Amino acid sequence: MTQTRSLWEHGVKTGIIGGVAVLVIALVGMVESFHRRDIIAEVITMGQVLLLIGGVFIGYIAAKRTGSDESLAPGLNAVIGSSVTGGFLAFLVIVGRLINLRAVLVNASPMLYKLLTLGHKGVAGIFIILLIGMGCGVFAAALFYLPRLTRRVIILSLSSMIIAGVLQDLIRPVIAAWGPVAVVSEWLFTGNGLTVSGSISIVILIAVVMTAWALKGQDIKSGYGNLSGGSQRGIKISAFFMLAVVLLALPHILGLFLSEVLTIVGLYVLLGLGLNIVVGYAGMLDLGYVAFFAIGSYVTAVLTSPELGFFSLTFWQALPFAVVLGIFFGVLLGIPVLKMRGDYLAIATLGFGEIIRILVLSDFLRPWLGGAQGAGKIPKAAIMGYQFITPQQIYYLILAGCILVVFISLRLKGSRLGRAWMAMREDEDVAQAMGINLVATKLLAFATGAGFSALSGAIFASKLGSVYPHSFNVIISINILCLIIVGGMGSIPGVIVGAAALVGLPELLREFAEYRLLVYGAALVAMMILRPEGLWPEVRHKMELHAEEENNIGEPEPSTAT
Amino acid sequence: MEGIMFQRWKESITPTDIVMWLIGGTLLLMVIWGSVATLVAGKYTGRHWIDFVIFGLAQGSIYALIATGYTMVYGVLRMINFAHGEVFMSGPYTAYFVAAAMYRSDFLDKHPFTALFVIFVVAMAISTMIAYFLEKIAYRPLRGAPRLIPLITAIGASFFLQYMFRGLYGSGFQAYPVIKIFEGAWVIFGIRILKFQLVVIVAAILLMAALYSFIMLTRAGKAIRAVSEDKEASSLMGINVDGMISTTFIIGGMAAGAAGVLYALMFKQVHFFMGFIPGIKAFTAAVLGGIGNIPGAMLGGIFLGLIESVGPSLFLDGLGIPAPYQLKDAIAFTMLVLVLIFRPMGIMGERLAAKKA
Chain C
0 MTQTRSLWEH GVKTGIIGGV AVLVIALVGM VESFHRRDII AEVITMGQVL
50 LLIGGVFIGY IAAKRTGSDE SLAPGLNAVI GSSVTGGFLA FLVIVGRLIN
100 LRAVLVNASP MLYKLLTLGH KGVAGIFIIL LIGMGCGVFA AALFYLPRLT
150 RRVIILSLSS MIIAGVLQDL IRPVIAAWGP VAVVSEWLFT GNGLTVSGSI
200 SIVILIAVVM TAWALKGQDI KSGYGNLSGG SQRGIKISAF FMLAVVLLAL
250 PHILGLFLSE VLTIVGLYVL LGLGLNIVVG YAGMLDLGYV AFFAIGSYVT
300 AVLTSPELGF FSLTFWQALP FAVVLGIFFG VLLGIPVLKM RGDYLAIATL
350 GFGEIIRILV LSDFLRPWLG GAQGAGKIPK AAIMGYQFIT PQQIYYLILA
400 GCILVVFISL RLKGSRLGRA WMAMREDEDV AQAMGINLVA TKLLAFATGA
450 GFSALSGAIF ASKLGSVYPH SFNVIISINI LCLIIVGGMG SIPGVIVGAA
500 ALVGLPELLR EFAEYRLLVY GAALVAMMIL RPEGLWPEVR HKMELHAEEE
550 NNIGEPEPST AT
Chain F
0 MEGIMFQRWK ESITPTDIVM WLIGGTLLLM VIWGSVATLV AGKYTGRHWI
50 DFVIFGLAQG SIYALIATGY TMVYGVLRMI NFAHGEVFMS GPYTAYFVAA
100 AMYRSDFLDK HPFTALFVIF VVAMAISTMI AYFLEKIAYR PLRGAPRLIP
150 LITAIGASFF LQYMFRGLYG SGFQAYPVIK IFEGAWVIFG IRILKFQLVV
200 IVAAILLMAA LYSFIMLTRA GKAIRAVSED KEASSLMGIN VDGMISTTFI
250 IGGMAAGAAG VLYALMFKQV HFFMGFIPGI KAFTAAVLGG IGNIPGAMLG
300 GIFLGLIESV GPSLFLDGLG IPAPYQLKDA IAFTMLVLVL IFRPMGIMGE
350 RLAAKKA
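Chain order of the listed sequences is C and F.
First residue of the first sequence: 0, per numbering that gives the first Met the number 0; consecutive thereafter.
First residue of the second sequence: 0, per numbering that gives the first Met the number 0; consecutive thereafter.
Because the hints were derived from the structure by calculation, they are not lab data.
Treat the hints with caution; some may be incorrect.
Lysine-lysine pairs mimicking DSSO-like chemistry, simulated, CA-CA at most 27 Å apart [unchecked claim]: (1) C:K462 / C:K379; (2) F:K9 / C:K63; (3) C:K338 / F:K9; (4) F:K327 / F:K194; (5) C:K63 / C:K541; (6) F:K267 / F:K194; (7) C:K541 / F:K109; (8) F:K221 / F:K135; (9) F:K267 / F:K179; (10) F:K221 / C:K12; (11) F:K135 / F:K230; (12) F:K267 / F:K327.
Since the model is a prediction, treat every value here as computed from it, not as a measurement.
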């Protein structure tokens, strides 16, 4: 009896968890919103793809939990798991058609049911859901039993096609604008999504590339390793040059809307790099980081805006003041929290952030800061007559800022101060015992982070032309925190990846923007449980986080250079 | 002996301490100045002050109930359950639909006490469920992780829950139905109290008494206290640590759900973001009273409620600040920072906080 029970146990359990998750996704409205965008025009939408991916994923997890691919049990569990998930959705449709759930759950609408049942009414619709669920399970089982390489090829090529469909707003204008390659755009896209032929060609292309890499990749890698040091450097330098050329030409390739997206991503990269120093290098969780962003913006506003009427400096004249005041406040807000650790530090800094927000919003400071209406008419930056007005031009300003900040971050990381920060992050008491002056080190971390944030704030004020207190709330601090955590704490490429993913994506996918924080929250929790070092981790941090495991296994593996 | 101790103390002061004392002293001076100015100017009558105090007591008791959740979880897990504000929100928001249905069918007016009981039960059940699953899914896998990780997870869980409820129930402000028998005021010993305020205070006192007796008198309560003191020793003594931690979350969830209904009765509306600021304030209250100390959390909550209510009129007005009520939250946050700087172990002084701070 126990044998048969444990046979479908994993399938049912995973299926139930998956069912609840899929229900939540549907009832929150994500499926309906995503349904508006086609992946393959007229064939399948993003909403349907989301559900299918969910179904297959649940089946796969159920299979994995059951055992190895020797027996039939995993496959059975995969089918059971996905079917149970489908069952949950079917149940929703049945109940929803009988009772009006909409009074409570605003998204439990007939539209949703129509979507789920592919437009079929009555019993046929229910059957369709269950059938699709089972189909996902069968597909998941197939994936489970296939050899590893084939599985990876299939997953990656299908994912590439889906990503191409999702990012069509990014890819289409870029390809279409470039004469010789414009034809490709016609071939790939039409109306709201990919063409059928386009999608198939992407799948085949990626599959071929991946198989080729799998077979030939080792040869290429060893070939590269066999080159002399000089040639290797040569290749690295030329790659760097190509990257620089691409970065400089980007706004002209991408057009107006995408350049605007780039400037926002760039600002968040600046902010992220600053917080990266406080959280990533020094290990202090600062939840009030938006306060320095506000200070930078407001100082710029006060010093340059004729509306507030105190001073009329130019952007470049006001910038040093903004940064210096940011650093000053960084130190000021850092002093009280010197003795605090971990949770207390986080909440205290959150308190500071909120205090600053309330102050700039209040009537008390309105004569100086503009109160709830904020302050406008901030002049744009200009160098010798060249004004930074359009998004493309502002992009260069932000790019300059980013390069400066990346440079400073890199140099700090390898410096004595950087190592002191990382020692402090790992264990404060031991660091102090080793002779590190905790007060100075912590204050320097706060000051540097605040300085970067103020710089970003000044650029933001100039770009927007005005400052409103409502732009400086705790959600921004959380956003920045999310993108460093997801990208990888302490890792500079990680911050850039995080910003592109967490800030760029919602801008590109308007449907996604409403569920932004929902996904951020889920992503944070998932990342912390599964991969706390982030997507592009910093080597030392990864070692710290997995130190426990290494100790248990025995000799730690030799680490590769950063 | 005295000489040596004084010398040691002199050596242990750093410049940072002096800066902090200066800042603390200045703030204290400002508070006293403002208070004196207001009282001398006589802008508010005794009746006003009494109104402020009662409002503060009511609001404070709500904070106290939420704070017990924070303090208990900190006691057993040594982490701030950032998502507790969302546990607080989920109960009343779900119960709103029940309340609205009862209002529409006139059940609310005809059987107000039964209706209220049902609302409480629904809210507490939902909050408890959210708290239980929160612990099981987000916190249990991270039991031994370095401090930063569970904290970030809690932040993520908090936002996930907020926006999940936003997606499920909608983003609007939902007005709680008015319960007619609680409208109006009573006059007790010459003091005029609004009926629902008295109800809130009395309900909160009853709930806190129940919670306190649970912790002090029952076996489960003793086990929870044991786990918060020493997890390993407790498990060696045969206590089911995981079960006790779940129980802690459940109790905290029930208290938060009840607090949520009281909050909804008092402010007459619910929305998905309503848990965030009360959550932080309740944490402030827990720290004020001494984190890990349950009577301390209750005292801290009431104290914070009073300061928040009386403060703006008392000292901010005297300092000549226009529209002092806008800065009400700032007072609470400033209190938080001051307590964390100057007395992290809180009023009742728990050993716990001293180790961690």
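Query raised in the report: Hint by hint, which ones does this structure get wrong, listed from lowest number up?
Result: 2, 7 and 10
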